[in-house]
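As given, the protein sequences belong to chains A and B, one line each in that order.
Taking the working numbering, the leading residue of the first sequence gets 1, the next gets one more, and so forth.
Taking the working numbering, the leading residue of the second sequence gets 1, the next gets one more, and so forth.
It is worth saying that the hints were derived from the structure and are not from the lab.
Hints are supplied without guarantee of correctness; some may be wrong.
Since the list can't tell identical chains apart, any single copy or any two copies may satisfy a pair.
Here are the simulated DSS-like pairs of lysine-lysine, each with C-alpha atoms no more than 25 Å apart in a straight line [as the list claims (entries may be wrong)]:
id : residue 1 : residue 2
1  : Lys-11    : Lys-165
2  : Lys-11    : Lys-31
3  : Lys-8     : Lys-169
4  : Lys-136   : Lys-42
5  : Lys-169   : Lys-114
6  : Lys-114   : Lys-136
7  : Lys-95    : Lys-114
8  : Lys-8     : Lys-31
9  : Lys-114   : Lys-44
10 : Lys-24    : Lys-114
11 : Lys-31    : Lys-42
12 : Lys-24    : Lys-12
13 : Lys-165   : Lys-8
14 : Lys-31    : Lys-169
15 : Lys-95    : Lys-24
16 : Lys-42    : Lys-95
17 : Lys-169   : Lys-11
18 : Lys-11    : Lys-42
19 : Lys-8     : Lys-44
20 : Lys-95    : Lys-136
Letter by letter, the chains look like this.
There are 2 protein chains.
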Amino acid sequence: MESFFSEKRLKKGQFLLREGEISKYGAFVAKGCLRSYTIDNKGKEHILQFAPEDWWIGNITSARTNTASAYFIDAIEDSELLIIDGPSFETSMQKVPAFAAGFRAGIERHAAAKDQRIIAALSSSAEERYINFLQKYPTIAQRVPQHMLASYLGISPETLSRVRKQMSKRK
Amino acid sequence: MESFFSEKRLKKGQFLLREGEISKYGAFVAKGCLRSYTIDNKGKEHILQFAPEDWWIGNITSARTNTASAYFIDAIEDSELLIIDGPSFETSMQKVPAFAAGFRAGIERHAAAKDQRIIAALSSSAEERYINFLQKYPTIAQRVPQHMLASYLGISPETLSRVRKQMSKRK
């Protein structure tokens with residue numbers, strides 16, 4: 001497998017992919033943490049995903065269909081990545097069945113997590129979403145800045161701060 | 001391919017899968033329309049997906065991991081399905097590479113659509129979400145009951161009704 005990948009380092013704040021660019025690489029995070037996000041027409045950021053160690057991040061749609069990415073991907077910590085380009089990815093899928101199966105399973109898990117997030121965004125309170133995130137991704141919750149966590153949860157930093165205070169009082 | 005599938009008819013209101021059951025079948029909708037949804041602890045429905053003709057619907061996570069489904073799937077019109085069980089699905093993926101490639105592309109498109117829906121739920125107004133849905137799924141918007149559409153969009157039926165009135169005045 002190693003021959004398909006190459007190493008890449010990103011300093012905190014550097015981009016793997018910008019909105020409008022065509023994605024060339026998928027990335028496996030060996031160290032650090034990346035995020036994907038969009039910026040709306042009012043200039044507000046909306047975070048789609050955090051990717052700490054052992055997670056994948058990229059824009060498969062952009063790479064596969066050769067179209068402009070709808071979102072940015074950047075490093076929120078100094079990070080070390082293993083990156084793979086589209087043709088190498090296809091070759092590895094064909095030559096290494098275990099990789100193809102693992103990738104498919106991963107995509108399916110991701111899709112299920114997205115379903116849950118949609119349901120949560122539609123139906124849960126700010127506090128419920130925060131508690132749910134703490135339970136599901138405890139290590140991510142500890143390391144990402146609070147304003148990014150608020151953006152991911154779709155609430156204001158002020159609301160997140162209020163929820164956290166209320167929770168700590170109850171302990 | 002046909003040997004892997006069997007036919008199934010559902011009357012409006014009949015279930016393909018109930019919350020808590022383990023999914024045995026994925027379904028391709030040949031005629032009619034299905035939906036997947038959860039019911040929250042206040043008894044409110046939240047619609048995850050509509051599946052009219054030519055769409056797939058199922059719960060891959062439940063089938064693959066042999067765990068209870070977190071959502072219901074039922075028919076909102078009299079429907080005709082082609083269903084496939086887990087083992088047949090795996091066999092077909094291995095024996096028919098074009099099917100495997102098509103399925104993977106479909107899953108990726110779905111994942112991208114889910115990303116967009118998450119962003120929309122986090123950042124768009126009720127009216128923006130409704131207009132977006134009309135543009136993206138015009139035929140679905142025309143055939144599903146308004147209260148289900150409101151549930152999918154995460155807004156109240158009253159809000160949807162108000163948005164529709166405002167839009168028709170502007171025309």
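Verification of the hints:
Neither within a single protomer nor between protomers do Lys-11 and Lys-165 lie at most 25 Å apart by alpha-carbon distance, with minima of 33 Å and 51 Å respectively. Only within a single protomer do Lys-11 and Lys-31 lie at most 25 Å apart by alpha-carbon distance; the minimum there is 11 Å, versus 52 Å between protomers. In this homomeric assembly, Lys-8 and Lys-169 never come within 25 Å of each other (Cα to Cα): the closest approach is 44 Å inside a single copy and 55 Å across copies. Taking the shortest Cα distances, Lys-136 and Lys-42 sit within 25 Å of each other only across copies (23 Å), while inside one copy they are farther apart (30 Å).
Taking the shortest Cα distances, Lys-169 and Lys-114 never come within 25 Å of each other, neither inside one copy (31 Å) nor across copies (36 Å). For a Cα distance limit of 25 Å, the shortest separation of Lys-114 from Lys-136 qualifies both inside one copy, at 13 Å, and across copies, at 19 Å. Taking identical chains as interchangeable, the C-alpha atoms of Lys-95 and Lys-114 are never at most 25 Å apart, the minima being 29 Å within one chain and 30 Å between chains. In this homomeric assembly, Lys-8 and Lys-31 come within 25 Å of each other (Cα to Cα) only inside a single copy, at 11 Å, whereas the closest approach across copies is 49 Å.
In this homomeric assembly, Lys-114 and Lys-44 come within 25 Å of each other (Cα to Cα) both inside a single copy, at 21 Å, and across copies, at 20 Å. In this assembly of identical chains, the alpha carbons of Lys-24 and Lys-114 lie at most 25 Å apart whether taken from the same copy (24 Å) or from different copies (22 Å). Taking CA atoms no more than 25 Å apart as the test, Lys-31 paired with Lys-42 passes in neither setting, with 33 Å inside one copy and 42 Å between copies. In the homo-oligomer, the alpha carbons of Lys-24 and Lys-12 lie at most 25 Å apart inside one protomer (20 Å), although the nearest pairing across protomers, at 45 Å, exceeds that limit.
For the homomeric pair Lys-165 and Lys-8, neither the shortest alpha-carbon distance inside one copy (39 Å) nor that between copies (53 Å) is at most 25 Å. For the homomeric pair Lys-31 and Lys-169, neither the shortest alpha-carbon distance inside one copy (35 Å) nor that between copies (55 Å) is at most 25 Å. When the C-alpha separation of Lys-95 and Lys-24 is checked against a cutoff of 25 Å, the pair qualifies only within one copy, where the shortest distance is 20 Å, while the shortest distance between copies is 30 Å. Proximity of Lys-42 to Lys-95 under the C-alpha cut-off of 25 Å is found in neither arrangement, the shortest distances being 46 Å within a copy and 50 Å between copies.
In this assembly of identical chains, Lys-169 and Lys-11 lie within 25 Å of each other by CA distance neither inside one copy nor across copies; the values are 37 Å within and 52 Å between. Taking identical chains as interchangeable, the C-alpha atoms of Lys-11 and Lys-42 are never at most 25 Å apart, the minima being 27 Å within one chain and 46 Å between chains. Proximity of Lys-8 and Lys-44 under a CA criterion of 25 Å is satisfied in neither setting, with 29 Å inside one chain copy and 47 Å between copies. Within a single copy, Lys-95 and Lys-136 get their C-alpha atoms no closer than 34 Å, and across copies no closer than 37 Å, so neither meets the 25 Å cut-off.
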